[in-house]
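Enquirer: Generate coordinates for the entire structure from the input sequences, incorporating the hints supplied.
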Amino acid sequence: MREAAVISQTNPLQRIPGVAIVLVLLIALFGAIAPGFLSVANLSNVLVQSTILTMLALPMTLIIMTEGLDLSMGAVLTLTSLCVAIVSLATKSMLLGLGAAVLVGAAFGTVNGWLVAIVGIPPFVATLGTLGMAQGLSLIVSDGQSVVGIPHSVRDIYSATLFGIPVPIVMALVTYAAFHGLLYHTRFGTYIFALGGNREALKYAGLSPNRLLIAVYAIGGTMAGVAGLLMTARMNSGHPTAGLGLEFDAIAAVAVGGTSFERGNGWLLGTILGVIAVGVLRNGLNLISLPSSVQVASVGVLVIVALFLDGLRSRS
Amino acid sequence: MTDITKEALSPPRSFLSQDAIQLFYRLLAALLICAALSLLTDSFLSLGNILNVLRQASLTFFIASGLTLVVLTAGLDLSVGANVALSACLAGTVIHHTGSPLLGILTGLACGGTVGLLNGIMVTALRIPSFIATYGMLWVLNGLSYWYMAGETIHGFPAGFRQIGSGYLFGLPIPVYLLLIFLAIGTLFAQRTIWGQEIYAIGANPVAARLSGIPVARRLLLVYAVSGTMAGLASIIFLSRLNSAEADIGESLTLPAIAAVLIGGTSLFGGVGTVFGTFVGALILTLVLNGMNLLSVSANWQPLVTGVIVILAVWLDMKTRRRAQ
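Here the protein sequences line up with chains H and U, keeping their order. The first sequence begins at 352 in my numbering and counts up by one. The second sequence begins at 46 in my numbering and counts up by one.
Everything labelled a hint here was simulated from the structure, so no lab data went into it. What you are looking at is a predicted structure, and each value in this text was computed from that prediction instead of being measured. All residues carry an ideal CB built from backbone N, CA and C; glycine is no exception. One or more of the hints may lead you astray.
Stated by the list, open to error - Reference listing, derived: stretches of chain U covered by chain H, where coverage requires no fewer than 3 residues with Cβ under 8 Å from a Cβ of chain H:
no. : stretch
1   : 107–116
2   : 340–350
3   : 353–361
As the list claims (entries may be wrong) - Far from chain U, by Cβ distances over 12 Å, these chain H residues were calculated:
no. : residue
4   : T512
5   : F539
6   : R585
Expert: So, in structure tokens, the structure goes:
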């Protein structure tokens with residue numbers, strides 16, 4: 352626990368301004384130009400819509416901390432969302448649907464980890480390959496069609512509230528707490544810092560970096576499974592292209608949030624702020640009636656700017 | 046660090062015979078697939094189908110040949126498919142408005158080249174890792190294409206222009222001639238020019254390349270610009286073949302292009318591979334997809350199979366290289 356604290360203190364304070372300034376600027380900008388942006392209903396809408404992204408961006412932070420990347424996350428989310436739809440449609444059970452989705456997601460994550468750690472394929476190509484596989488499986492199991500008529504028990508998850516808080520937000524908060532505890536307060540978390548920062552040291556300490564790496568990717572796949580439930584509940588159907596490209600928003604959130612692509616530094620709270628920044632950007636552009644294509648392009652610009660700043664920081 | 050040392054110990058030229066053997070295996074694989082398909086289906090061995098395979102392979106090859114140079118420098122260009130889409134949409138608009146195919150072709154090439162140059166600037170001047178920079182570019186381009194087209198389709202081009210993609214000369218499709226021309230240019234450039242050799246050197250060991258006086262940043266800019274321009278060229282062929290432009294035509298192009306490069310034996314770690322290998326890779330991939338088509342396997346299986354092929358190709362490459370060391 353102490354080690355984790357020491358490593359993570361490679362000055363989070365210096366990073367806070369970056370992402371927080373971006374967020375404040377975006378909120379101020381859209382507060383000024385987008386009618387209705389600052390209403391409570393809209394802001395809570397932004398938060399609820401950010402929950403799926405949160406579930407992808409948190410594990411993506413861990414993966415990027417190991418100097419890795421998971422391009423397959425959006426496609427795996429699509430597949431697990433279809434799993435939820437198909438299984439819950441057949442069995443009328445939300446929990447069985449979730450179970451199937453988590454199993455499929457974890458399987459994909461494990462395969463990603465195995466390809467990266469044991470086979471040694473660079474992560475962006477290994478996960479590009481599994482992206483194709485997950486996308487293909489989504490098309491095959493759905494036959495290219497939407498899966499409709501899913502039971503209420505699935506649908507209600509997105510709209511239900513717990514103590515007045517929407518259930519998706521409760522799930523996102525629980526996820527954040529779990530990841531925070533895992534990264535900063537367990538030995539496993541310390542090892543994750545070491546995977547990116549100093550892999551050799553893990554070997555000398557008698558640990559297996561490969562097994563740890565597989566675990567990190569498996570967590571990513573598992574979370575894509577959980578997010579699949581929210582996706583299906585939100586769309587009230589399973590669709591073979593539902594989550595495609597969402598990994599890009601996740602990578603954007605991590606990059607904007609100040610996690611470095613090259614040095615094993617990660618900052619979970621920054622990722623959350625990054626997720627909200629991406630959500631605010633998309634929501635605001637939507638409110639001033641710019642099409643989703645412009646939203647996609649602007650998220651792309653956001654990533655490139657964030658990485659450029661990251662590069663500047665690492666040089667100074 | 047150890048990777049770099051390993052690469053330094055295996056300069057590309059000393060493995061020429063090894064490369065030749067690898068290439069021979071790949072040609073053999075292509076022949077085996079042909080043999081299997083002609084046994085399994087009646088329609089494979091028809092002239093029409095074989096010309097069709099060659100035409101399809103040439104489309105993949107145009108994108109993949111420029112990408113090969115990028116991968117030779119240990120980089121990656123994930124934006125090629127999206128680049129094809131945007132270039133095709135812009136070129137299509139210009140042809141529609143001016144009626145001049147030449148202006149359209151120039152627009153497509155210029156758009157592709159500009160995007161490639163921007164990729165190069167991000168990789169060299171801004172020092173963003175290539176796969177992330179071009180991945181960001183992918184989404185920027187996708188967004189621009191969809192925004193620009195706003196769900197519309199441009200279609201119906203002059204007959205002369207359509208000849209480029211669907212016409213024949215002495216019984217062979219015109220794209221096949223273009224394929225042979227660019228195969229020759231690419232091979233000569235990579236193997237027989239100083240710039241080509243410098244590209245290999247950068248991929249094999251960037252530090253040594255810089256220390257030996259190679260202008261690394263300028264060569265990288267060139268490589269990304271070439272990759273973008275080849276995507277622009279591919280967009281023209283697509284445009285004239287499909288006779289229409291839509292924002293989503295690039296979505297299924299990137300993975301096959303990367304697959305062709307990797308099946309062709311170009312190493313992801315840089316410094317090893319040939320443009321001719323990429324041609325063989327494009328041929329093998331097209332044969333597999335064509336075979337699935339002839340065996341009436343649903344097109345839904347294509348991304349799955351392409352994904353598996355990408356991973357298998359890298360895995361085989363890594364296994365053979367490990368043995369060679």
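Enquirer: Each hint should be assessed against the structure and marked as holding or not.
Expert: Structure-based check of all given hints:
Counting residues of the stretch 107–116 of chain U whose CB lies closer than 8 Å to any CB of chain H gives 0, so the stated coverage by that chain is violated, three being the minimum. For the stretch 340–350 of chain U, the proposed coverage by chain H is satisfied: 7 residues have a C-beta within less than 8 Å of a C-beta in that chain, meeting the threshold of three. Evaluation of the coverage hint for the stretch 353–361 of chain U: fulfilled, as 5 residues show C-beta separations to chain H shorter than 8 Å, against a requirement of three. Look at H:T512: its CB is around 34 Å from the nearest CB on chain U, clear of 12 Å, so calling it non-interface holds up.
H:F539, annotated as away from the interface, keeps every beta carbon of chain U farther than 12 Å; the closest lies near 26 Å. The claim that H:R585 is not at the interface with chain U holds, since no C-beta of that chain comes within 12 Å of its own (minimum 22 Å).
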